[in-house]
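Heads up: the protein sequence lines correspond to chains A and B, in order.
Counting along the first sequence from 1, when you hit position 53 you're at 53 in UniProt numbering, and nothing is skipped either side.
Counting along the second sequence from 1, when you hit position 69 you're at 69 in UniProt numbering, and nothing is skipped either side.
Hints are supplied without guarantee of correctness; some may be wrong.
[Unchecked claim] Calculated pairs, DSSO-like style, for lysine-lysine (alpha carbon to alpha carbon, straight line, at most 27 Å):
no.	chain 1	residue 1	chain 2	residue 2
1	A	Lys292	B	Lys33
2	B	Lys200	A	Lys296
3	B	Lys166	A	Lys42
4	A	Lys42	A	Lys149
5	B	Lys166	B	Lys230
6	A	Lys205	B	Lys292
7	B	Lys292	B	Lys149
8	A	Lys33	B	Lys149
If you are wondering where the hints come from, they were derived from the structure by calculation, not from laboratory data.
There are 2 protein chains.
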Amino acid sequence: MKTASFLLSLESLLWPLDAADSGASDAIKNVLKLLICDINGKRPGVMIPIPQYPLYSATLAEFNIQQVGYYLNESTNWGLDISELKRAIEEARKTCYPRAIVVINPGNPTGQVLSRENIEAIIKFAHKEKLFIFADEVYQHNIYAPGSKFFSFKKVLVEMGEPYSKMELASFMSCSKGYMGECGLRGGYAEVLNMEPQVKAMYLKAISAMLCPTVLGQACLDIIMNPPRKGEPSYELFQKEKNGVLESLKLRAKMVADTFNSMEGFSCNEVQGAMYAFPQIKLPSKAIEAAKKAGKAPDVFYAFELLENTGICIVPGSGFGQVPGTYHFRTTILPQPDKLKAMLDNFARFHKQFLSKYS
Amino acid sequence: MKTASFLLSLESLLWPLDAADSGASDAIKNVLKLLICDINGKRPGVMIPIPQYPLYSATLAEFNIQQVGYYLNESTNWGLDISELKRAIEEARKTCYPRAIVVINPGNPTGQVLSRENIEAIIKFAHKEKLFIFADEVYQHNIYAPGSKFFSFKKVLVEMGEPYSKMELASFMSCSKGYMGECGLRGGYAEVLNMEPQVKAMYLKAISAMLCPTVLGQACLDIIMNPPRKGEPSYELFQKEKNGVLESLKLRAKMVADTFNSMEGFSCNEVQGAMYAFPQIKLPSKAIEAAKKAGKAPDVFYAFELLENTGICIVPGSGFGQVPGTYHFRTTILPQPDKLKAMLDNFARFHKQFLSKYS
């Protein structure tokens, strides 16, 4: 058992080098590519959360794989309801052959952190429906809310025992998030569990035609996977810096949600994890009309008004998907606290003017 | 005219950022992707040189585009004969719809540098056959042979005037080669000329779904495209280092070809450019039998024997394609001169032993 587990983890460590991904995005694309195959005359389908990180919708469109959206429940802090998964897959079966489910945990752009019970329920659902699991866990170090804890799909699935521990799973990790935040270096990997050996051989062959990722990206990823250990010279400093970054992000997560919740017409869920807030905003009907006249979606119209009046850039919710008739935007919690505060003050001033203009 | 040319070059400079490629390989793949489309019930075909850099064969296979190989003429220093292009495209028309031609200049793995006349003839051929031109020009700074000079396809095509100056062309450049050789940073771009506006819009949309390349790769590429100018503080040192690297590579190119040509059973063309020699090797029939017994292609067998006996790693010619019944390998000219000399001495010793073992 010890040896098998060692080999497994050794293999996991080797994947970053074998997989030659210039970031988790490439890793995700390369595993998604394995699903391009009509079954019983139906094209493949992949379940993704709505709202979702647009990498998924764009890649599925490129690969001609059907997007099977399941809505996250905004009223339960972007909770993932199994009944909604069932609704989505039953509807999708009419037009495609669902082969996989993508779960982003912690959520992007929604910032929720899944409970262990929730993950178990998703695994059971995926097992029943014979779905390959894509666990997008790039924000695993970014957990802020007091009751929240990160559980990896691999850990939960293995601990659930058979038949679940034999399921096919790919987990994705990156050096662009967490406490390192090295977006400018690009390093990522896929850890693949229980993949059918013939498929895995083809996967390895396909990615072997790629060049290796940048040396600095590989080095950065290695530091994240093998951080300094107790007793090593840089352990203390590393811990101090890591904890400092994460503690500050925690404060900022709260500051952002609290500020938005204090603004008229805004409601913002707690940012439990990741690096974003995704508040809902009620737009006055006059603003919606003005947007229509300008040929823009209302949330896009709002974002452009904000940008042009303040220089603040947000991403309209329609880029991520949202329940029709609702409007959101994504903003990061990343600016340093003093800049973040100044930005939020400006934002609030703009919003007041916007409301008085369109009310 | 001045303004138009300025805009053109400004656009060219902006492409690296727009195109978001983590290297020229990604840029090549993204442009190739535009050709995935059956025409008149036939799948698309792309002409590539044989021998060629395996990125092309692997990508065409992945995209289900037919590889239309045209042989380079080893007896004229890997010359590109128009009659061979005609033979290849006529044969290919029976089974596919040829849409593009890839030219690697300077050649990889073959190291030839195309003359201006040759490029003009290729452009005329591509025009007659309505082919999109892929000009892989990543080795454009690596020209060593006294009579050789680099001409870009863009320059020649534009100077030829209409109708040729209106042809669709993509030229590829990288920071991994030349005098910088920053393979570990990954930066590249596609400069696209005359692309049909609707296709270009779709291309830009497709690559916009990607993240941007690494910051260091972008910075490195900028230095190559905008090197220090006369009068600027680092101009002298930059020139000295650049010329030093290229002069040394020139000596090494000659050293490698000369050494192989002095070895029994070897014949090696002049390395006019790029970073490789691609010598032909006559293998004794006993060695070919031994390879068959070992279940290996003869050139692969030779490469493994070399690796296991000396630690020297070469790439067997079958990875690049070669005229059936001939055997080659690719080796770089990159090690520093003293190491290169030691390597070549070891290689020659091994080869003598190999010949005596299998003769």
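Comparing the hints with the structure gives:
1. For the hint linking Lys292/A to Lys33/B, the alpha-carbon distance of about 36 Å lies beyond 27 Å, and the restraint is violated.
2. Of the pairs offered as hints, the one joining Lys200/B and Lys296/A holds, with about 24 Å between alpha carbons and a cut-off of 27 Å not exceeded.
3. Proximity of Lys166/B to Lys42/A is assessed by CA-CA distance (about 42 Å); at most 27 Å being required, the pair is judged violated.
4. The hinted pair formed by Lys42/A and Lys149/A fails the criterion: a straight-line CA distance of about 39 Å is larger than 27 Å.
5. A distance of roughly 34 Å separates the Cα atoms of Lys166/B and Lys230/B; the hinted pair therefore is violated under the 27 Å criterion.
6. This hinted pair checks out: Lys205/A and Lys292/B have alpha carbons roughly 24 Å apart, not beyond 27 Å.
7. As the CA atoms of Lys292/B and Lys149/B are separated by approximately 43 Å, the hinted pair breaks the 27 Å bound.
8. For the hint linking Lys33/A to Lys149/B, the alpha-carbon distance of about 42 Å lies beyond 27 Å, and the restraint is violated.
Figure legend: structure checked against the earlier numbered hints; hints not met, in rising order: 1, 3, 4, 5, 7 and 8.
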